[in-house]
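Visitor: Each chain, letter by letter, is given below.
4 protein chains.
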Amino acid sequence: MKVAIIGATGYGGAELVRILHRHPKVSIHSIHATSMHGEKLNTIFPHMQHLIQDTLEEADLDQLAKEVDIVFTATPSGVAKNIAPLLVEKGVKVIDLSGDFRINNRETYKKWYKINAAEQEKLDQAVYGLTEWVEKDLQKVNLIANPGCFPTAVLLGLAPLVKEGIIDENMIIIDAKTGVSGAGKSASQGTHFPETNDNLKIYKVHAHQHTPEIEEQLQNWNEKIGPVTFTTHLAPMTRGIMATMYLTAKESTTTKNLTELFQKQYKDNHFIRIQEGRFPSTKEVSGSNFCDIAVAYDERTKRITVVSVIDNLVKGASGQAVQNMNKMLGFDEHEGIDFMPLFP
Amino acid sequence: MKVAIIGATGYGGAELVRILHRHPKVSIHSIHATSMHGEKLNTIFPHMQHLIQDTLEEADLDQLAKEVDIVFTATPSGVAKNIAPLLVEKGVKVIDLSGDFRINNRETYKKWYKINAAEQEKLDQAVYGLTEWVEKDLQKVNLIANPGCFPTAVLLGLAPLVKEGIIDENMIIIDAKTGVSGAGKSASQGTHFPETNDNLKIYKVHAHQHTPEIEEQLQNWNEKIGPVTFTTHLAPMTRGIMATMYLTAKESTTTKNLTELFQKQYKDNHFIRIQEGRFPSTKEVSGSNFCDIAVAYDERTKRITVVSVIDNLVKGASGQAVQNMNKMLGFDEHEGIDFMPLFP
Amino acid sequence: MKVAIIGATGYGGAELVRILHRHPKVSIHSIHATSMHGEKLNTIFPHMQHLIQDTLEEADLDQLAKEVDIVFTATPSGVAKNIAPLLVEKGVKVIDLSGDFRINNRETYKKWYKINAAEQEKLDQAVYGLTEWVEKDLQKVNLIANPGCFPTAVLLGLAPLVKEGIIDENMIIIDAKTGVSGAGKSASQGTHFPETNDNLKIYKVHAHQHTPEIEEQLQNWNEKIGPVTFTTHLAPMTRGIMATMYLTAKESTTTKNLTELFQKQYKDNHFIRIQEGRFPSTKEVSGSNFCDIAVAYDERTKRITVVSVIDNLVKGASGQAVQNMNKMLGFDEHEGIDFMPLFP
Amino acid sequence: MKVAIIGATGYGGAELVRILHRHPKVSIHSIHATSMHGEKLNTIFPHMQHLIQDTLEEADLDQLAKEVDIVFTATPSGVAKNIAPLLVEKGVKVIDLSGDFRINNRETYKKWYKINAAEQEKLDQAVYGLTEWVEKDLQKVNLIANPGCFPTAVLLGLAPLVKEGIIDENMIIIDAKTGVSGAGKSASQGTHFPETNDNLKIYKVHAHQHTPEIEEQLQNWNEKIGPVTFTTHLAPMTRGIMATMYLTAKESTTTKNLTELFQKQYKDNHFIRIQEGRFPSTKEVSGSNFCDIAVAYDERTKRITVVSVIDNLVKGASGQAVQNMNKMLGFDEHEGIDFMPLFP
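Protein chains in written order, with the numbering used here: chain A, 11 to 354; chain B, 11 to 354; chain C, 11 to 354; chain D, 11 to 354.
Keep in mind the hints are simulated off the structure, nothing from the lab. Predicted model only: the values in this text are computed from it and were never measured. Backbone N, C-alpha and C define an ideal beta-carbon position, used for all residues, glycine too. If a hint is listed, it holds; no wrong ones were tucked in.
Restraint ranges, calculated between C-beta atoms of paired labels, are given here:
no.: 1; chain 1: C; residue 1: Arg288; chain 2: D; residue 2: Gln63; range: 44 to 50 angstroms
no.: 2; chain 1: A; residue 1: Lys214; chain 2: B; residue 2: Asp278; range: 29 to 35 angstroms
no.: 3; chain 1: B; residue 1: Gly48; chain 2: D; residue 2: Asp134; range: 53 to 59 angstroms
Residues of chain A clear of chain C, computed beta-carbon distances all greater than 12 angstroms:
no.: 4; residue: His39
no.: 5; residue: Gly48
no.: 6; residue: Asn126
no.: 7; residue: Glu129
no.: 8; residue: Val151
no.: 9; residue: Met181
no.: 10; residue: Lys214
no.: 11; residue: Tyr307
no.: 12; residue: Lys312
Hey, can you work out the whole structure from these sequences and the hints?
Guide: Printed below as a string of structure tokens:
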């Protein structure tokens with residue numbers, strides 16, 4: 011099987027290359043970007059020397075359609091909405107790592123992303139690829155909207171509680187913290203080392219574009235879900251997301267009961283590791299496709315705390331994309347992504 | 011005026027030395043610890059060379075009582091509860107930086123600290139020294155319980171809303187993040203660099219001993235306050251606390267109204283800087299006694315987010331202790347602590 | 011083929027587990043430590059959950075000899091010198107990651123390590139495993155002294171110049187910088203996060219025990235080599251070593267000529283990446299077995315600068331150990347260790 | 011006395027503001043930049059809120075000459091060479107923090123800075139302000155070239171050895187490491203957090219523009235000095251420079267003798283702290299004007315290692331500038347800059 015990557019010069023694209031070049035069942039056919047055509051990828055990413063010899067090419071969709079089986083689009087907002095449907099029409103499967111197909115409601119997309127959404131018909135074709143909870147048979151799906159980094163950590167942590175109706179649907183509070191690689195490869199004042207190092211920032215308060223993505227999925231699972239509070243912080247680290255979620259239990263329960271619920275719901279999911287009697291930290295999943303989750307009930311407040319950690323570039327982006335690819339192509343789900351985290 | 015410091019070998023004590031040696035109205039009489047008597051403090055803290063020549067001495071309370079005007083106790087839990095009352099009896103003013111006098115309810119203290127509290131009569135003598143909100147005339151006070159680092163950030167951020175009855179008293183959720191200096195000077199596996207660097211941890215979930223300290227003060231201000239959710243995270247940075255607080259508004263309001271309320275309530279407080287149209291980060295107060303606060307209302311959820319940042323070792327410990335000393339001794343409140351933050 | 015690891019609870023041991031559990035040609039038979047018998051390794055290293063189920067066992071050398079083909083000893087100084095020869099006698103191959111067999115001169119060892127060396131006869135059996143430069147057929151070798159982290163970076167960077175006689179043998183100056191994982195898993199004041207973060211330290215000036223290891227190898231290559239200056243710094247990062255080496259050219263040359271010499275000497279060595287027109291940084295090899303090297307000639311001073319970077323836990327320890335194992339067992343050299351660095 | 015700052019929006023300018031606003035003998039008259047006129051400095055640097063109310067103004071040299079006593083220029087290369095002489099002509103004292111007046115040889119300047127130098131006559135007016143070693147009476151000097159950050163650390167560490175003729179003049183090797191604030195306030199790919207964090211880089215090998223500055227001063231002290239090897243590394247920390255210097259002793263000596271030489275030469279210099287039996291780290295001087303130095307002799311190699319650390323923004327820039335101002339204006343040398351380092 012052959013894959014192409016459109017948008018290989020960002021961190022998401024580079025991480026796709028890292029994963030796919032070792033994948034036992036697919037090979038990288040070509041890599042594409044809007045500029046720097048003819049340049050070797052290992053010039054932009056010297057850590058790839060001796061392993062990756064590909065050069066960046068312009069993407070010719072017709073040709074790609076003839077030569078590859080699946081295309082990953084790791085492009086800025088507003089690009090994939092045009093490219094992906096064309097590729098699908100030509101018979102290629104597409105996994106889009108941008109936000110273009112994640113939100114089915116076009117008005118919501120426009121409100122949060124400030125640009126026009128894809129056509130409704132195209133949006134309806136896309137399946138939201140939170141792999142552990144996809145209900146459709148992915149082998150029959152041609153277009154996957156790969157989840158955002160924050161929604162992945164959040165939704166995996168909330169799913170058991172929301173689906174079982176355990177929590178107050180109108181009192182969901184999510185305090186998320188991310189490493190700085192989440193801001194992408196382009197330098198900016200907000201990611202300038204001297205002002206980011208040894209510093210903790212909060213950003214996009216009440217305004218992060220991943221908010222409606224989270225809400226739409228939660229409402230798919232439980233239509234009573236109201237608007238969530240979702241806040242994002244920038245921690246002085248490179249990789250990792252921790253979502254700490256504060257929820258109100260409808261009825262008294264125990265940490266033990268909740269942990270068992272999570273263990274049961276995720277018992278067949280290799281990449282979800284439910285913690286018992288301890289809490290996860292971001293470094294424990296760094297470089298891997300794991301999502302580690304702990305849940306605790308506080309008798310004093312009748313509130314539940316869920317902690318969910320992922321590597322934002324792996325399970326939060328490229329790792330999950332390959333996990334989806336594996337299911338689309340009928341491979342074993344962990345083929346090529348069963349890395350042990352790099353610790354310390 | 012002369013001051014002594016008992017417990018000078020921890021970070022809180024060292025920071026007291028840094029501040030007091032430049033204070034224009036007091037001088038450091040002596041520094042004390044339970045061990046290493048005769049050793050120069052600048053051997054333990056080489057950054058003090060050429061500035062501090064004091065050696066560590068055993069604390070003789072009788073002698074201290076004769077020679078100094080005020081004593082700072084920066085000792086582990088359970089030490090000051092014995093020392094401080096003796097000093098007060100002998101006519102010396104005491105500012106305790108430990109938790110021993112912060113909680114008035116003895117059972118609550120025992121439950122969270124796992125040791126016996128000071129006698130009730132002694133506890134009743136102590137004034138909780140969240141300087142901006144102390145109602146008593148500090149010049150008439152002899153024993154101050156200097157607030158914990160987390161409670162300082164949290165209470166300064168919640169006070170206007172709680173006192174004005176703007177928020178649901180039973181829905182207070184506090185997500186706090188601290189730098190690692192909060193764990194003290196002693197090394198441990200939990201603060202080992204390779205496992206702390208580039209990592210984000212959550213700890214003492216539903217079990218942090220600062221929880222009852224926060225609740226007791228909030229209830230002093232508004233007796234309807236219920237138990238709060240208070241969770242602490244360890245961020246890979248040395249100094250700084252950010253408390254992100256999620257609150258439910260009783261009635262619709264606006265960010266502008268809330269900001270004006272904060273500005274009004276803190277208009278005479280030099281060390282509280284209300285942010286307008288932006289959010290603070292921890293580095294913006296590093297090395298200073300400032301507490302920077304922003305508040306925002308989210309129309310979608312009817313919830314209020316408050317963000318409060320401090321330097322845990324300054325406003326969260328030694329800086330506030332000196333602020334309290336200034337008021338006890340009748341000095342100008344910012345005497346000796348009006349540092350500009352060290353940025354970047 | 012079956013392998014055992016003695017000393018699995020340190021960072022070197024954990025990294026061996028990470029690498030070996032994915033190795034296509036060997037399987038981990040058992041893991042051993044001097045304490046915590048019966049405890050699961052994934053309790054000590056939670057990042058291994060769902061991947062490693064082994065428990066720590068006491069090492070019974072007789073039994074091991076019967077059941078495994080090769081043993082890795084990742085033990086503190088002075089342990090392997092007793093264990094390894096016994097295992098070799100019983101017919102097992104051993105790769106020792108400690109310093110016990112790296113220095114052939116017993117007096118030198120005692121002087122720098124402050125403990126007695128292994129017996130001369132045993133030392134003579136051991137081959138120094140700087141894989142790229144081993145001359146013996148490793149398939150015929152039973153005991154490998156795996157090089158130290160610093161010597162690996164240093165020797166790979168110096169070999170071409172020393173072997174070709176290009177530099178003044180008495181003017182070798184090595185300024186080495188390491189990440190803190192090099193200090194091992196045990197916490198100490200010197201690795202306490204608040205005092206290590208945002209800080210650069212120098213340590214063991216003129217006294218690092220890797221100095222004689224470097225000198226002995228250089229002298230094996232060129233007997234005129236005099237004592238080297240070797241200084242080590244602790245940089246606020248987790249992984250990575252950079253050795254910056256200052257050398258005096260015997261004759262005028264050019265950066266181009268030197269680079270070509272390095273390219274030629276390492277043309278068959280996949281894990282050595284000679285940089286041209288740029289210099290490497292430690293993150294570019296993080297998590298991988300690569301050693302990236304650049305060389306530059308300064309016409310003004312007639313001096314040569316060589317920069318060599320490795321991941322101290324991979325090429326500087328466990329990765330190279332597996333590279334040696336591959337050669338001992340007749341596998342392809344990069345079997346199981348051809349990871350792409352984790353960047354960013 | 012009144013001071014103005016031209017170039018207040020960079021880190022050097024901001025640090026001048028931090029220091030000068032608390033200086034007991036001068037007041038900040040005005041702050042200037044080439045853009046953002048009318049904007050409050052505390053909008054650009056929010057950490058200055060409540061302390062600094064100045065707005066950025068265009069610099070009118072005639073008016074400044076009438077109203078202020080001294081001007082600091084913290085401008086990019088090539089700007090002060092035009093401004094400073096005009097101000098001096100009009101009777102104002104100038105301290106230039108850029109490189110424009112540091113190198114007396116115009117050809118050397120052009121070769122390393124790639125732009126034309128100031129006129130020779132103007133260069134001859136400037137005094138190189140390495141405060142501890144300035145021979146002229148600074149009260150009679152009108153234009154000071156404030157030393158570069160690296161040269162400050164390097165020259166303070168080399169001066170005793172070079173002046174006393176103890177070392178081989180043709181074998182001076184300087185391995186320097188800096189925090190990222192040395193790269194200035196402007197963001198770039200090279201200072202992007204995800205690629206700088208947890209990473210160690212080497213840059214400008216054999217090509218750093220501080221090389222000729224170091225050489226010219228050393229040659230002023232000892233004309234036999236040959237070209238030096240000077241290499242710079244970027245460490246993942248915000249502030250701090252460590253220069254590790256490798257020197258060849260002309261005759262055998264001891265660490266004790268060398269340390270005593272340093273102690274003697276710097277006995278009247280409050281800001282130079284000679285370490286005995288230990289080595290300094292960068293954090294021990296952070297936020298302060300101290301330069302901590304250790305020297306060690308290695309009997310094995312007959313080489314001397316000198317380690318010198320400073321805060322690049324204080325002693326390496328703005329602190330030393332104020333130290334020079336103090337001497338120019340006849341104040342006590344440590345007036346306003348005798349901060350204790352911020353540790354941890």
